[in-house]
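Student: Okay, so the sequence shown: first residue is 545 according to my numbering, each after it adds one.
One or more of the hints may lead you astray.
[Claimed, not checked] Listed next, with one range per pair, are the computed distances between beta-carbon atoms:
(1) 876 / 744: 34 to 44 Å
(2) 559 / 738: 28 to 38 Å
(3) 741 / 883: 39 to 49 Å
(4) 915 / 583: 16 to 26 Å
(5) 552 / 722: 26 to 36 Å
(6) 748 / 862: 22 to 32 Å
(7) 817 / 552: 12 to 22 Å
(8) 561 / 698: 20 to 30 Å
(9) 748 / 802: 39 to 49 Å
(10) 817 / 583: 38 to 48 Å
(11) 640 / 846: 26 to 36 Å
(12) 640 / 797: 42 to 52 Å
(13) 825 / 759: 24 to 34 Å
(14) 802 / 579: 21 to 31 Å
Hints listed in this document are in silico derivations from the structure and should not be mistaken for laboratory results.
On a predicted model such as this, the values are computed, not experimentally measured, just so you know.
Glycine is no exception: its CB is placed at the ideal position from the N, C-alpha and C atoms.
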Amino acid sequence: MGIRYTKDMTPFDMTESPSKQYFFLMPLIWLAAWLDTKRLGLKMDKSGIKGLKPPYLVIATHQGPADYSGTPLALFPHRGIYVSDMEGFMYYGKWLYRGLGCIGKRRFVSDISVVRNMKLALEMNQPVVVYPESRHSNVGTTAYIPKNLGKLCKFMKVPVVIFTLYGSYLANPFWDELHTRKVPLEGKIYKLFSAKEVREKTAEEIQGAIEKALEYNEYRYQDEKKIKITEPYRAEGLHMPLYICKKCGTRYKMKSHGDTLRCGACGKEFLLREDGFLEDKATGENLVIPDWYEWERGREIDSAKLLISMNKFKRSFPVTVEALPNHKGFVNLGEGVLDMDEKEFTLMFGSKILHFPHKSRESVQTEYDYRGKKGPGIVLSTKDCCYYLYSKADDFNPTELQFVGEWLYESK
Numbered sequence: 545m546g547i548r549y550t551k552d553m554t555p556f557d558m559t560e561s562p563s564k565q566y567f568f569l570m571p572l573i574w575l576a577a578w579l580d581t582k583r584l585g586l587k588m589d590k591s592g593i594k595g596l597k598p599p600y601l602v603i604a605t606h607q608g609p610a611d612y613s614g615t616p617l618a619l620f621p622h623r624g625i626y627v628s629d630m631e632g633f634m635y636y637g638k639w640l641y642r643g644l645g646c647i648g649k650r651r652f653v654s655d656i657s658v659v660r661n662m663k664l665a666l667e668m669n670q671p672v673v674v675y676p677e678s679r680h681s682n683v684g685t686t687a688y689i690p691k692n693l694g695k696l697c698k699f700m701k702v703p704v705v706i707f708t709l710y711g712s713y714l715a716n717p718f719w720d721e722l723h724t725r726k727v728p729l730e731g732k733i734y735k736l737f738s739a740k741e742v743r744e745k746t747a748e749e750i751q752g753a754i755e756k757a758l759e760y761n762e763y764r765y766q767d768e769k770k771i772k773i774t775e776p777y778r779a780e781g782l783h784m785p786l787y788i789c790k791k792c793g794t795r796y797k798m799k800s801h802g803d804t805l806r807c808g809a810c811g812k813e814f815l816l817r818e819d820g821f822l823e824d825k826a827t828g829e830n831l832v833i834p835d836w837y838e839w840e841r842g843r844e845i846d847s848a849k850l851l852i853s854m855n856k857f858k859r860s861f862p863v864t865v866e867a868l869p870n871h872k873g874f875v876n877l878g879e880g881v882l883d884m885d886e887k888e889f890t891l892m893f894g895s896k897i898l899h900f901p902h903k904s905r906e907s908v909q910t911e912y913d914y915r916g917k918k919g920p921g922i923v924l925s926t927k928d929c930c931y932y933l934y935s936k937a938d939d940f941n942p943t944e945l946q947f948v949g950e951w952l953y954e955s956k
C-alpha cells in the first residue's frame, strides 16, 4: 500500500452498489482494530446501543486516524458499511476496500449516488457509518457540520447513532499524524433517536440534536482526564494550524520544533506543555490552542471583508497538480496556478481552466503534509475527480484558505 501513479483519468463509478464487508475478512478487521487500539488502552462504552440491531445510521466525529479502528470495535459483532473518501480505494485497491465495506465519496461534493448507496446499504440490514466533518480535526475541535444531516436522517428512516472516540486527535494530531503520542482512548456509542423518533421529529430538530452531539474539544478532554503528553516532539507541525503569531500578528512566520512553537518575525516562543496548554516562555501566560485557532479565523474573515469592500480580494499561488479520478492512482498533471477571489477558486494547468465556486463547497480539504511526503496543500474536487494542489509559496497556508472558503460559502 502506498501512493501509486497512473495515466488513466477515467472517473470512478460512484453508482456501483455497495458491498457488505466480506465475512472472511471480519476476524482480521476486528483483530487489527483491537491490536491498533490496545496499545492506547481503549475503553469502549457501548451501553447506549444495548439490544439495538441493524439497520441504523452511525454519525461519527472524526478526530483522527484511530477512528478507523475504534468504529469497527464499537459496532462489533455487527459488520458496517462506511462512507469513505477516494484515497482509501487507491491505497487498498478497489476489491479490498469494497470488502472493507466502503462507499466512495469525494469530500465536500454533493452526490446523489452516495445517498442512494447509503439507502441500499441500510436496506441490506447493515449499519452505515458517516463522518460528516469529512476531515480529521485540525486542532481537536468539531469542524464544519453539513446542514442537511437532519434531512438525511428523515430520508433514511432508521435509528440514528452517535459515535465519538476521545483521544484520537491527541494521539495523532492532524498536523503530525505520522507520530503517535501515547494517549488513552475512550469510545462512546449511543442511540440518539429511534426510528419512531426520526419519523416524529422535524429535520431541524434532528439537525440541532446531531450538531450538539458532535461537539467535542480534545484539549478539554485532556485537561479533564489529566493526561500528560510527554513526547519531546509534541509541538512539531503545530505551526500549520497556528500560522499567525498571537503576539505580533505576523502571518506565515511560525515554526515548530520539539516542544516549542516560535515566531520568526518577533522571536516569541511558546512551550507546548505536557498538559496541552501553550505557555509564553517569556511571561508564563497560558494560551489555549483552539482559542488561538478561532482567533485566527476571526482575523482572516475581517481581512477578507475589508479587501472585498475595497475590491482587492485576490490570491494567487503556484501549485503542483495531482489528480485522483479513480482507484488506480494519482495522475501527475504538472505545474499550475491556483487563484482565489470572492466568487471561486480557479485552477489553471496546461490548457485546462477549472472553476470551483465557493457556493458549491461548504469547506476546503486541507493537507498539512500529505502522507509525510508532499508538503502543504488543499484538495478541490468535482464529481469526477479530486485535484490535490501543493504549493511551496511562502504565503500559502491551507488553514487560511479553509477559513476564508468556509466564510465565503456561508455568506453566499
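Student: If a hint holds in the structure, say so; if it doesn't, say that too.
Tutor: Verification of the hints:
no.	hint	verdict
1	876 / 744: 34 to 44 Å	violated, 53 Å
2	559 / 738: 28 to 38 Å	holds, 31 Å
3	741 / 883: 39 to 49 Å	holds, 47 Å
4	915 / 583: 16 to 26 Å	holds, 22 Å
5	552 / 722: 26 to 36 Å	holds, 29 Å
6	748 / 862: 22 to 32 Å	violated, 44 Å
7	817 / 552: 12 to 22 Å	violated, 49 Å
8	561 / 698: 20 to 30 Å	holds, 23 Å
9	748 / 802: 39 to 49 Å	holds, 48 Å
10	817 / 583: 38 to 48 Å	violated, 24 Å
11	640 / 846: 26 to 36 Å	violated, 47 Å
12	640 / 797: 42 to 52 Å	holds, 44 Å
13	825 / 759: 24 to 34 Å	holds, 32 Å
14	802 / 579: 21 to 31 Å	holds, 30 Å
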